[in-house]
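Given the structure of chain P, go ahead and fit chain X onto it with the hints provided.
As you go down the protein sequences, you meet chains P and X in turn.
315 is the number that this note's numbering gives to position 315 of the first sequence; each next residue is one higher, with no gaps.
173 is the number that this note's numbering gives to position 173 of the second sequence; each next residue is one higher, with no gaps.
Think of the hints as simulated: they come from the structure by calculation, not from any bench.
Fair warning: there could be bad hints in the mix.
To be verified - No more than 20 Å apart at the CA atoms, straight line, and that leaves these computed lysine to any residue pairs for SDA-like:
{"hint": "1", "chain 1": "X", "residue 1": "K193", "chain 2": "P", "residue 2": "E220"}
{"hint": "2", "chain 1": "P", "residue 1": "K104", "chain 2": "X", "residue 2": "Q205"}
{"hint": "3", "chain 1": "P", "residue 1": "K104", "chain 2": "P", "residue 2": "A69"}
{"hint": "4", "chain 1": "P", "residue 1": "K104", "chain 2": "X", "residue 2": "G202"}
The chain contents come next:
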Amino acid sequence: MTAVVTERPFNLVAELTYRCPLRCVYCSNPVGYRAVRDALDASAWWRVFREAAALGIVHVGLTGGEPSARADLTEIISGASEAGLYTHLVTAGSDVESLAEWVKAGLRSVQLSIQDSRREDNDRIAGVECFERKLCFAHAVREHQLPLSLNFVLHRHNLDHLEEILALGRELGAHRIELAETQYYGWALKNRAALLPDPEQVESARRRIRRARQQPDAPEIVHVTPDYLSDRPKPCMGGWARRILVVDPSGLVLPCHAARELPDLDFYSVTDHCLADCWNKAPGMNAYRGEDWMRDPCKTCPERSRDFGGCRCQAFLLTGDAKNTDPVCSLSPKHDIILRARQEASNSFIYRGDKTD
Amino acid sequence: MTADFQRRLRRIGEQRSLRNHPLHRELVEGALSPAALRSWVTSEFALASSELRADAPETLEAWLDLAQAVGEDRAATLLGERTLPAVGEACGLLLESMQAATPLDAISGSLTDLFLAERLAESAASFEKHHGWVDPKARTALADLGQRADRRASAALDFVEAHATTDGLRGGCVAALEQRFEIHRSVFDAVSKANAHLRLSGAAQRRADPVDGRPMVVLPERAVRLNPSGDEILTLCDGSRSALDVASELQNRHPEVARLEEDVHAFLSEMEGLGVLERRVSSS
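One chain only, chain X, in its complex shape:
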């Protein structure tokens, strides 16, 4: 019976593993831009810092090492300044669900660790093959993170096996694990979305306001007036850049503005929601 249950949890771990997520596949194939790689690492850091496992200090340190290895700022990563707004929201959900969870459910949820080592090993291999510019320290960090995940997963499996003694409790464990995978997936979805190339939608017409000359966009059902920075951002959305590229380009142009990238992402989501911008499928 318990062996069956372990198998069931492992099967969920294998089926839901983010190894099959388009973002990870792109990473493995070397298709991610440096900006996308950095966003992946800072998102993993945000997830890990919301989950606060027993070995959080070492785990977070390793993710920070990895962030630095792909060219991200350690301090900014630690402070969450590089977190995509949608990733921040998903992590907020995660924290809420952790607060409401029983210890057994919380530990079942942590079984997202089950196949993490494999995924990180694939990432490390891709770094060597496709991303020569990444600091070799990334390899050490990824190996360390993988070993930690395996250790935690095996302890968590033992704990769950010992305490999930009824069908009701076992059902709760399964639900908790599936829910946690759902949140992880939504984080990856958010990075994928930010990594898709943006362009002006076919419906949108950019023009100057006939009255005051300010930039505006006219759409089938509305007109949107822009300030000069909004206009500058839209100019960058020419189909060759993702939201991540646009945000980092803007931050480079205006280093004096603190946390500019967050505002850029919020603006871009708003423009997408209004139908000003559209996403092209996947990155190049």
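Isolated chain P (complex conformation):
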């Protein structure tokens, strides 16, 4: 494929490692994460950052797994910062002791994930005790005067705690609270029946979030709505390989966190290629760029330039073919898959790391 790549990435998602002390039941990391080793040392990441800046990237999100599971995170941060990238850390807040060092190395902002406003529920979802450490971490971020954004993943077990969650966010001094409904990939797909909320729960959450936004001096509240409960797909990643470039722990360059699960796609690794080639030339990156790959009903749909046909990974995971319309779309001939999933409900979890069939 010799597509002329006009897309230019702004944002690098650097998955430094899949290791993580938490065991969240909805982790979006690949279910086979254990087989992926951390292939890039700090100097290899430095090269990636320099090449990213040359491609036009201005922002890096350092994520994982848990980035602080790497002993060389400080070095990695200073490399990103020296390359001129806005350096943003996405963390579970496991390592408050190193924060001062990271700030000195050029860290500019932090996103902290919290699982629930209540300690016991937070720890139940995470599969380990971590609530208190997260609160300490949030306070430390504000003491360093770094912008703090909080991420809460929403599902049927915490949607009813919404007011408490928002109050906790305000108390911790977050400038932004991201309320992200669970997206069903990785472990979340395994636990879909136990996580998927009732439509009434979601509708009530929408109303309550709208009200919360109107409070004086409310932080920015972002609600990532659950695509299983809407009738149009999300414009996943702002379009396949358009604006965001993901480098996974093995060095593989991907258009999103989940794309490595798609079969028959050839992506390049920064261990073998320069980043520009990984972005522009890898056949996998070009597989779903633009609209040529689309089938009906997407091919002629007036909304295709807005939602890009939804999510390729979801289309594959649920219909077996990534070229299909994301079945979340009510125009998809396979939309009944989603309708059936909405009927399911149960209350048992499979924890990250547990055996799955």
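Using the frame of chain P, we list chain X on its own:
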């Protein structure tokens, strides 16, 4: 019973009077910049022109006199070209509520006039004490506006007393008055907000786009690309200027562009919403 009701309305008027609003306190203390004073007058004009009282021609004329006395353009004020976008929205709400109101509720709402004369007298005193540059005609205009407000308030009180004959009607009158004060307050809030000094937020990083060299701002969760005028506006937001100052500075620099100030205010609100800019508490 009716004497009680009058007292109740007066108490609401006194408690909710904008005499206690931070914007008015700053005005009284002489802390408002000329741009902020002008914005206060044009906002009062916008409110008065949405309420359209019986003596609207004389009242609006007096507000225009006052606008001119603080250095504002009469014609532009009349056409609403100086109205802050948020003030315009509040006035839109006011018009809607007036359309839906019964005559009794509409007249109860107009009891925001009750303590207006006192507030305007305080403004006049502040002009003499702190704002020597203001045309002395301001004093006449403010006195005239105060007398008109007192006359209207006393007629409105008589009307309400005569017609609010049941608890249900009296409850409606109270609600209408409280709602009207709420709108007036939101107008003052909008002026206060536009009068707070703006600076780049701690989270924001200004830089050139590495690809095309165009100005941009990078934030924890997003990047915002700017055109040259957006960049020029952000440069002015150095913590020493309010939105009002920035807008009037821009309008002075580019007199050929019509209604530039409106666009500047819209841009600044957008940048604040995105987290590019932050407001410092109160003006200097």
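Comparing the hints with the structure gives:
Under the criterion of a C-alpha separation no larger than 20 Å, the hint pairing X:K193 with P:E220 is consistent with the structure, at around 18 Å. Annotation: proposed proximity of P:K104 to X:Q205 holds, straight-line Cα distance about 17 Å (limit 20 Å). At most 20 Å may separate the alpha-carbon atoms for a hinted pair to count; P:K104 and P:A69 meet this at roughly 19 Å. A threshold of 20 Å between alpha carbons decides the hint, and for P:K104 with X:G202 the separation of about 16 Å falls inside it, so the pair holds.
Going down the numbered hints, you'll see the structure goes against none, and every one checks out.
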